[in-house]
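Given the sequences, and given the hints that come with them, work out the whole structure.
Those sequence lines, one after another, are chains V and F. Going left to right, the first sequence walks through residues 1 to 213 as the numbering used here numbers them. Going left to right, the second sequence walks through residues 1 to 213 as the numbering used here numbers them.
It is worth saying that the hints were derived from the structure and are not from the lab. Don't take each hint at face value.
Given that identical chains are not distinguished, each listed pair holds provided it fits within a single copy or across any two copies.
[What the hints assert, rightly or not] Below are the SDA-like pairs computed for lysine to any residue, each with C-alpha atoms no more than 25 Å apart in a straight line:
id: 1; residue 1: 75; residue 2: 188
id: 2; residue 1: 196; residue 2: 46
id: 3; residue 1: 106; residue 2: 121
id: 4; residue 1: 75; residue 2: 147
id: 5; residue 1: 212; residue 2: 190
id: 6; residue 1: 69; residue 2: 151
Note that this is a predicted model, so its numbers are computed, not measured.
There are 2 protein chains.
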Amino acid sequence: MTTIALVDDHKIFSDSLASLINDFEGFTVCWSAQDGAKAIQLLQQNAQKPDIVFLDIVMPGMSGLDVAKWICDNKKDIKVLALTMEEDDNSVIQMLQYGVRGYLLKNIGAEELRMALEQVVKFGYYYTPIITSNIHKHVEKKNQSGNVPEIKDREKELLNHLCTEMPYAEIAKKMFLSESTVDTYRARLFEKFEVKNRIGLILKAVNMGLVKL
Amino acid sequence: MTTIALVDDHKIFSDSLASLINDFEGFTVCWSAQDGAKAIQLLQQNAQKPDIVFLDIVMPGMSGLDVAKWICDNKKDIKVLALTMEEDDNSVIQMLQYGVRGYLLKNIGAEELRMALEQVVKFGYYYTPIITSNIHKHVEKKNQSGNVPEIKDREKELLNHLCTEMPYAEIAKKMFLSESTVDTYRARLFEKFEVKNRIGLILKAVNMGLVKL
DNA sequence: TGGAGATTGGGGGTTTTACCTGTTGGAATT
DNA sequence: AATTCCAACAGGTAAAACCCCCAATCTCCA
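Below, the structure is given as structure tokens:
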């Protein structure tokens, strides 16, 4: 039996959610808290350690982000699922960085909720399709950042080195080229990418997905 | 009834996969092809237009990546699911850029397969947890890139401008500071982040998640 | 076989960065 | 009132980055 804790300031919401989850086979809600501080307090008492914590992001007082950070830092074996209205990119990224195991929007149906729970139990992770579709959009956006210029192998090689702390002299050594040649290539890259700077070049190349930092 | 086409050079694999899928309620395999060229030919004839194409990545001749690109360019309403042994980051990113709707590893079980199909039908997207966990690892890696130094508001502001094509003179104008002051802040940031370069600073800041490009 | 184009390199310049050692003035502390 | 702290600023210097024009090879290929 997988135990679940709910953290949400809207009591009626967590109560109804609890009733829904308790109807699912194999899942039970062990407790629910109305704010972040109380949730952490309950987790510290260790009385009823849940397998999964459903966490609302927007709450008065301690925010869901803070609670997520605390849990991911102090109770690594508890899986945190974020539950929120916000489709905000920033908080998604923030949560992912904290180590949250999934991200649900509050407008999901009961069916997707069960699917999410099962996936988390089986695989440890679940991201709602909206989120993955965000990743998708995010990646597709990169393709729209101007036309990717044609670059030759040697230029591409230089491009990768340019996205580095290395000064040109070092790059020249690594590529077995003279500094002048590196300079010529650099100039061509600047032209092709229509940038004024090594920094501008890096930004464009990253946005086009040509290099990964 | 959702129709599915299979593209895989291992005939025995696509045959058995077809039999498995045909056992799923609501899904049927309309055809299968042994290589990319034949798949595109069948898609062009438009005889049996599938809802979903299961695409093997590694194939002799035309690779799955090429086929994916073709479908996403020419038949946007067909959902492409990549199916592969490779957990290689590069091909994942490549496929995502082409607009693939999901990514499955060949070692998935029948159950996850059905889950994937149902999710694609319902939501349009499915990424195997391994992949999302890759995203996860990728994101978590960022947290391990050294301790995030404490930076004041004004420094943070400068940091954002530094991740830009702007030279210092322009940044100074934007921040209503003299160039000298910008320079002192810059020096402090270099020190705090332990970098030698504006570029090094950008790299570290991005990896720490302090700025987004 | 001559020319187009890719690759590699040089010389000589300006601009921008990066680093250094300072000073001033205001706010907070004690 | 004296001290500490810090944001803001100055000037100078050396290094790195950036920009232009040009040249020697080499391959390819029409």
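Here's how the hints hold up against the structure:
In this homomeric assembly, residue 75 and residue 188 never come within 25 Å of each other (Cα to Cα): the closest approach is 52 Å inside a single copy and 36 Å across copies. Within a single copy, residue 196 and residue 46 get their C-alpha atoms no closer than 58 Å, and across copies no closer than 47 Å, so neither meets the 25 Å cut-off. In this homomeric assembly, residue 106 and residue 121 come within 25 Å of each other (Cα to Cα) both inside a single copy, at 20 Å, and across copies, at 21 Å. In this assembly of identical chains, residue 75 and residue 147 lie within 25 Å of each other by CA distance solely across copies; the values are 21 Å between and 46 Å within a copy.
For the homomeric pair residue 212 and residue 190, the shortest alpha-carbon distances inside one copy (18 Å) and between copies (22 Å) are both at most 25 Å. Taking the shortest Cα distances, residue 69 and residue 151 sit within 25 Å of each other only across copies (20 Å), while inside one copy they are farther apart (43 Å).
The structure fails hints 1, 2 (numbered hints given earlier, in ascending order).
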